[in-house]
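Novice: So the chains spell out like this:
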Amino acid sequence: MSQKNPAADRAPSYLADEHGLRTWLLTTDHKRIAILYLISVTAFFFLGSLAASLVRIELVTPEGDLLSPDGYNRAFTLHGVVMVWFFLIPSIPAVFGNFLIPIMIGARDMAFPKLNLFSWYLLVGGGSFTLYALLAGGVATGWTFYTPLSTMFSNGHVVAVILGVFIVGFSSILTGLNIIVTIHRLRAPGMTWFRMPLFCWSLYATSVILVLATPVLAITLLLVAAEHLFGIGVFDPRLGGDPLLFQHLFWFYSHPAVYIMILPAMGVMSELVTAAAHKRIFGYSFVAYSSLAIAVIGFMVWGHHMFVAGQSMYASMVFSLLSFLVAIPSAIKVYNWTATLYKSNLTIDAHFLYALTFIGLFVIGGITGLFLALLAADVHVHDTYFVVAHFHYIMVGAAVAGFFGGLHFWWPKMTGRMYSQLWGKIAAVMIFCGFNLTFFPQFLLGYLGMPRRYHSYPEDFQFLHVLSSTGAAVLAVGYVMPFFYLLWSLRYGPQAEDDPWDAAGLEWRTSSPPPTHNFLETPIVDFDAYEYPPEATHGRS
Amino acid sequence: MDDEFLRLWPQAASDHAHAIDWLIWSFTGMMAIFVVPVFVLTILFAIRYRKGTRVSRDHRPRGSMKVEMTWIVLPFIGSMIIYLVSARLYYEVKTPPADAMVIQVVAKQWMWKFQHPGGQREINTLHVPVGRPVRLNMISQDVIHSLYFPALRIKQDLLPGRYTALWFSATETGRYEAFCAEYCGTDHSKMLATLIVQSPQEYQRWLSQSGASESLAEQGEVLFRQFGCSGCHGPAAVAKAPTLEGLYGRRVALHDGTSVIADQAYIRDSILLPHKQLVAGYEPIMPSFSNVIDEEGVLRLTAYIQSLGEGEQGEPHADSPRNPPPEETAP
Amino acid sequence: MDVREQYLAEPYQTAAQQREATFLGMWVFLATEIMMFGGLFLVIYYYRLQHPVGVGEAVHHLHSILAAFNSALLLTGSLCMSLMVQASRLGDYRRVQRLLLLTAFFGLAFLAVKGFEYGWEYREGLLPGMGPESPLKEPAARLFMNIYLFATGLHAVHVTLGVTIILGMVVRIHFAHMKLPERAITLEMVGLYWHLIDVIWIVLYPSLYLVGRAV
Numbered sequence: 001m002s003q004k005n006p007a008a009d010r011a012p013s014y015l016a017d018e019h020g021l022r023t024w025l026l027t028t029d030h031k032r033i034a035i036l037y038l039i040s041v042t043a044f045f046f047l048g049s050l051a052a053s054l055v056r057i058e059l060v061t062p063e064g065d066l067l068s069p070d071g072y073n074r075a076f077t078l079h080g081v082v083m084v085w086f087f088l089i090p091s092i093p094a095v096f097g098n099f100l101i102p103i104m105i106g107a108r109d110m111a112f113p114k115l116n117l118f119s120w121y122l123l124v125g126g127g128s129f130t131l132y133a134l135l136a137g138g139v140a141t142g143w144t145f146y147t148p149l150s151t152m153f154s155n156g157h158v159v160a161v162i163l164g165v166f167i168v169g170f171s172s173i174l175t176g177l178n179i180i181v182t183i184h185r186l187r188a189p190g191m192t193w194f195r196m197p198l199f200c201w202s203l204y205a206t207s208v209i210l211v212l213a214t215p216v217l218a219i220t221l222l223l224v225a226a227e228h229l230f231g232i233g234v235f236d237p238r239l240g241g242d243p244l245l246f247q248h249l250f251w252f253y254s255h256p257a258v259y260i261m262i263l264p265a266m267g268v269m270s271e272l273v274t275a276a277a278h279k280r281i282f283g284y285s286f287v288a289y290s291s292l293a294i295a296v297i298g299f300m301v302w303g304h305h306m307f308v309a310g311q312s313m314y315a316s317m318v319f320s321l322l323s324f325l326v327a328i329p330s331a332i333k334v335y336n337w338t339a340t341l342y343k344s345n346l347t348i349d350a351h352f353l354y355a356l357t358f359i360g361l362f363v364i365g366g367i368t369g370l371f372l373a374l375l376a377a378d379v380h381v382h383d384t385y386f387v388v389a390h391f392h393y394i395m396v397g398a399a400v401a402g403f404f405g406g407l408h409f410w411w412p413k414m415t416g417r418m419y420s421q422l423w424g425k426i427a428a429v430m431i432f433c434g435f436n437l438t439f440f441p442q443f444l445l446g447y448l449g450m451p452r453r454y455h456s457y458p459e460d461f462q463f464l465h466v467l468s469s470t471g472a473a474v475l476a477v478g479y480v481m482p483f484f485y486l487l488w489s490l491r492y493g494p495q496a497e498d499d500p501w502d503a504a505g506l507e508w509r510t511s512s513p514p515p516t517h518n519f520l521e522t523p524i525v526d527f528d529a530y531e532y533p534p535e536a537t538h539g540r541s
Numbered sequence: 001m002d003d004e005f006l007r008l009w010p011q012a013a014s015d016h017a018h019a020i021d022w023l024i025w026s027f028t029g030m031m032a033i034f035v036v037p038v039f040v041l042t043i044l045f046a047i048r049y050r051k052g053t054r055v056s057r058d059h060r061p062r063g064s065m066k067v068e069m070t071w072i073v074l075p076f077i078g079s080m081i082i083y084l085v086s087a088r089l090y091y092e093v094k095t096p097p098a099d100a101m102v103i104q105v106v107a108k109q110w111m112w113k114f115q116h117p118g119g120q121r122e123i124n125t126l127h128v129p130v131g132r133p134v135r136l137n138m139i140s141q142d143v144i145h146s147l148y149f150p151a152l153r154i155k156q157d158l159l160p161g162r163y164t165a166l167w168f169s170a171t172e173t174g175r176y177e178a179f180c181a182e183y184c185g186t187d188h189s190k191m192l193a194t195l196i197v198q199s200p201q202e203y204q205r206w207l208s209q210s211g212a213s214e215s216l217a218e219q220g221e222v223l224f225r226q227f228g229c230s231g232c233h234g235p236a237a238v239a240k241a242p243t244l245e246g247l248y249g250r251r252v253a254l255h256d257g258t259s260v261i262a263d264q265a266y267i268r269d270s271i272l273l274p275h276k277q278l279v280a281g282y283e284p285i286m287p288s289f290s291n292v293i294d295e296e297g298v299l300r301l302t303a304y305i306q307s308l309g310e311g312e313q314g315e316p317h318a319d320s321p322r323n324p325p326p327e328e329t330a331p
Numbered sequence: 001m002d003v004r005e006q007y008l009a010e011p012y013q014t015a016a017q018q019r020e021a022t023f024l025g026m027w028v029f030l031a032t033e034i035m036m037f038g039g040l041f042l043v044i045y046y047y048r049l050q051h052p053v054g055v056g057e058a059v060h061h062l063h064s065i066l067a068a069f070n071s072a073l074l075l076t077g078s079l080c081m082s083l084m085v086q087a088s089r090l091g092d093y094r095r096v097q098r099l100l101l102l103t104a105f106f107g108l109a110f111l112a113v114k115g116f117e118y119g120w121e122y123r124e125g126l127l128p129g130m131g132p133e134s135p136l137k138e139p140a141a142r143l144f145m146n147i148y149l150f151a152t153g154l155h156a157v158h159v160t161l162g163v164t165i166i167l168g169m170v171v172r173i174h175f176a177h178m179k180l181p182e183r184a185i186t187l188e189m190v191g192l193y194w195h196l197i198d199v200i201w202i203v204l205y206p207s208l209y210l211v212g213r214a215v
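Residue numbers (the working numbering), protein chains in the order written: chain A, 1 to 541; chain B, 1 to 331; chain C, 1 to 215.
Hints may be right or wrong, so weigh each one.
Partial pick of chain A residues on the chain C-facing surface, computed with a CB cut under 8 Å [unchecked claim]:
1. D109
2. A111
3. I173
4. P215
5. L223
6. R238
7. G240
8. G241
9. D242
10. D349
11. N436
Straight-line Cα separation of at most 30 Å, DSSO-like style, residue types lysine-lysine; simulated pairs [claimed, not checked]:
12. C:K137 - B:K108
13. B:K240 - B:K276
14. C:K137 - B:K240
In case anyone wonders, no lab produced these hints; they're calculated from the structure. Ideal placement from N, C-alpha and C gives every residue a C-beta, glycine not left out.
Modelling step: build the complete structure from the supplied sequences, incorporating the hints.
Specialist: Dropping the structure here:
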């Protein structure tokens with residue numbers, strides 16, 4: 001497995017193939033586009049984090065003395081909009097999906113390379129548009145744009161932000177479309193569906209959601225923009241319009257959107273766990289099908305965001321039941337990862353620590369999600385910090401741990417350089433500790449009754465808020481550290497081998513970094529995914 | 001609102017609140033059974049099977065239907081039991097008892113207005129008697145708000161254009177905080193209220209001290225004349241409008257052959273969107289009052305109509321379309 | 001060797017693979033369009049259930065005969081499109097160009113009629129915004145007119161886009177930038193898109209103009 005691909009050695013890597021900014025901005029190579037995405041989502045991540053820092057600093061004191069009420073409302077809106085649509089949703093699918101899927105299935109590129117580049121431009125275009133609006137005047141609607149607050153009671157920049165999100169929605173759709181077609185039509189000879197790495201399965205499921213759910217968001221936001229801009233009110237309660245209709249349409253997208261964020265991270269996890277364990281995954285087909293199950297059931301649970309919104313009691317009961325069902329496939333994955341470690345041959349590298357971080361945070365986030373699916377309990381904790389903590393455990397804790405884990409795991413493949421393992425491990429531990437310190441107190445705050453999106457709060461919540469802000473500082477350091485040592489490795493890191501982790505999978509059979517067309521000869525696949533030796537001794541151990 | 005240094009668990013002021021706490025703890029316990037093994041085994045395996053340890057790694061499993069089914073079925077059964085318990089609690093918290101005392105709530109950016117049946121009004125404070133079921137009939141004047149009582153473990157959104165309800169029966173006297181839980185704009189975090197649960201005697205004293213000269217229904221009667229409703233619906237009216245005596249709670253036949261119970265929502269719609277549900281046998285001639293009357297006015301008018309007598313709900317003969325001859329409204 | 005292989009894009013090995021991928025991609029794209037308009041149909045039918053009287057009043061004021069004529073225009077355009085796809089497979093440049101222009105003509109005629117209809121409705125005060133006093137008494141009727149304007153407007157944007165693409169194809173063929181029948185698949189994709197616009201209108205027309213007209 002560690003022997004080099006002799007042909008690949010002779011071809012220049014995709015990084016060295018051409019030079020100049022122009023060749024990057026006009027590239028159709030999926031690997032270069034992935035790098036472009038990596039740079040832009042990192043920028044958006046830091047921007048969103050900046051807004052989060054403002055929010056956390058404001059909440060150190062109960063009075064609300066740092067920002068004005070509207071300033072605070074704008075800060076959390078900026079944080080939500082940027083993090084959800086410009087970081088989390090494109091993060092893993094557009095960066096690692098783009099980079100790895102063609103390599104993992106033995107293809108030369110994505111199915112529609114030009115479309116791929118176009119979708120990056122859409123992200124950047126939509127991003128700058130939104131950014132301009134968010135900074136020029138700011139929007140204080142929250143990322144959820146609930147009507148009639150967003151249509152009749154807010155300033156004109158709402159339309160600009162919505163158009164930005166609309167544009168970036170098309171970027172997601174095109175990425176999803178590209179991934180679906182690539183996986184369907186471009187698999188190398190012998191690469192059957194059940195020989196694909198689980199990362200491909202989870203991204204396939206993600207893409208199905210991207211393609212089917214995003215258009216509903218697009219039309220919903222267009223309706224809001226039309227109501228705001230031209231007074232063509234479709235949700236206007238004065239005309240008999242129903243604000244709950246907006247919520248149904250919005251969550252029909254935005255609940256599956258949570259799976260858009262977490263499914264790819266689960267796919268990364270399957271790769272990290274097997275590569276660290278040097279062992280085939282336990283229950284391959286269960287993990288594969290659970291991705292599809294999440295995608296399908298995930299479309300039917302949106303109403304659990306509306307238990308106290310005024311929807312029918314019986315509708316709530318059905319949505320609650322379905323929400324319990326959607327937890328089952330997630331549980332399957334976690335149990336299978338744990339079982340994979342049994343009788344493994346484990347190496348503990350930085351990326352494995354991120355995997356552990358993922359499991360820890362995802363399990364807590366998932367379980368607290370079930371508390372929210374519990375109807376009567378949700379009536380109490382809905383729209384409190386309990387919800388905030390829950391979805392941060394999933395969307396930040398788990399999804400970002402997946403993103404960072406993937407970054408550490410595939411960094412040698414993407415750049416051809418090794419980073420410092422020690423720093424990697426320190427950062428992972430800091431992220432785990434900082435994260436729990438930030439968000440665990442918020443569960444208590446939520447149960448105590450602290451509502452979300454509060455600029456000021458009663459004094460007896462202060463201790464927990466200070467704790468949370470302290471954790472946020474630790475977390476911030478943990479998130480910034482990889483930025484430095486990874487950049488450092490680009491110049492000073494040692495050259496990476498083709499397969500530095502002794503991992504199986506097609507991406508490790510080409511050179512690091514891969515040549516422009518990934519493989520000089522199309523590989524013939526006559527082996528299963530995760531083909532590690534069946535018994536203990538392995539490779540160079 | 002005690003001055004504790006650090007509060008980690010909210011006060012509980014009703015039986016429902018204790019039931020929710022119990023639900024949370026039992027669910028936590030059950031989830032621990034399913035989750036703790038994951039944490040323990042992950043760490044155990046990570047130590048035992050790290051590279052280089054001399055432990056048996058023979059007969060590695062690739063998967064097992066039996067094991068998979070175990071961890072699919074057991075959590076499923078467990079969560080279904082809890083689901084049923086919580087669905088029952090939810091049903092209870094969503095179904096106010098018929099004898100509950102009704103308090104009207106109107107929310108607007110950024111205040112809460114409460115009005116008691118006797119006409120007493122208060123802003124951002126709500127007095128209720130202990131041990132008596134209270135139903136809040138709520139509506140928003142502008143955006144969506146949400147009335148949240150942490151000590152009662154309940155909340156409910158208030159929507160523009162539609163009534164929603166919240167009910168509770170407080171068991172402990174005291175002062176409790178209430179929040180707006182649905183983000184509603186600039187001063188969302190200032191939209192607070194205080195719930196004051198009093199003994200029945202104190203509550204009576206408070207009612208008489210802040211006594212309004214007129215009850216809710218009497219205030220409604222004033223509006224009824226002021227807006228000219230009596231011109232068509234009154235006993236001496238010449239226009240052909242349905243009579244309102246005994247309307248409240250009765251089943252009303254509509255012109256399209258269906259029928260509805262004349263509840264608060266129906267009466268509100270009939271005032272603001274009069275043609276949405278047209279009574280059988282009448283022309284759509286009533287103008288909309290949506291730009292004239294605010295939500296509080298509608299609540300008062302409704303109280304007045306209710307005071308005109310309540311019809312029997314669900315009478316056996318009520319389902320047949322009732323076609324009042326036009327003469328019935330004329331004297 | 002298949003002549004089409006000269007036109008293989010980078011990631012593909014065979015022409016058949018590329019053809020299948022192109023078709024799949026297009027169908028997935030059409031699915032997104034259907035989901036988008038699906039949201040709109042949900043809104044339309046939800047309000048129809050909520051406000052039957054108000055919606056009935058609005059529907060009564062719409063010019064269904066004019067819209068029926070418009071449907072005929074669009075359908076005729078689609079027929080031309082189908083014939084064009086057939087001709088493109090045979091490599092008949094002249095016929096392809098003529099049929100493309102004909103389709104574009106029907107699309108533009110549809111837009112012209114639609115514009116005339118908007119003008120008429122505006123003068124009657126049916127559309128939101130300034131203008132003469134609305135004859136609609138029901139708030140819900142005005143709500144429905146808002147949805148009507150939004151839905152037909154969005155559809156008109158799609159028609160405009162379709163016409164632009166068709167004219168672009170005509171230009172490409174004119175300057176010999178497209179080889180037929182090798183690149184017939186491009187025209188087939190344009191055809192699929194045009195038919196989708198058609199299908200959406202076929203559902204939109206009764207949903208807006210016809211259902212509940214008797215009320």
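Novice: Each of the hints needs a verdict: does it hold here or not?
Specialist: Hints versus structure:
With a cut of 8 Å, the hint placing D109 of chain A at the interface with chain C holds, because the nearest CB-to-CB distance is about 4 Å. For the restraint placing A111 of chain A at the interface with chain C, the shortest Cβ-Cβ distance is roughly 5 Å, inside the 8 Å limit, so the hint holds. The interface hint given for I173 of chain A is met, as the beta carbon of that residue sits about 5 Å from the closest beta carbon of chain C, less than 8 Å. Interface restraint check for P215 of chain A: the shortest CB-CB distance to chain C comes to about 4 Å, inside 8 Å, so the restraint holds.
Checking L223 of chain A against chain C: minimum C-beta separation of about 7 Å stays under 8 Å; hint holds. Annotation: interface hint on R238 of chain A holds; nearest CB of chain C at approximately 7 Å, less than 8 Å. For G240 of chain A, the suggested interface contact is upheld, since its CB lies about 4 Å from the closest CB of chain C, less than 8 Å. Hint on G241 of chain A holds. Least Cβ distance to chain C is approximately 6 Å, under the 8 Å limit.
For D242 of chain A, the interface hint holds, since its Cβ comes within 8 Å of a Cβ in chain C; the closest pair sits about 7 Å apart. Among the interface hints, the one on D349 of chain A is violated; its C-beta lies about 32 Å from the nearest C-beta in chain C, farther than the 8 Å criterion. Contact between N436 of chain A and chain C, as hinted, is not supported at the beta carbon level, the nearest pair being about 38 Å apart and thus beyond 8 Å. Only pairs whose Cα atoms come within 30 Å are accepted, and K137 of chain C paired with K108 of chain B is accepted, the gap being roughly 28 Å.
A distance of roughly 18 Å separates the Cα atoms of K240 of chain B and K276 of chain B; the hinted pair therefore holds under the 30 Å criterion. For a cut-off of 30 Å, the pair hint linking K137 of chain C to K240 of chain B stands: about 19 Å separates their Cα positions.
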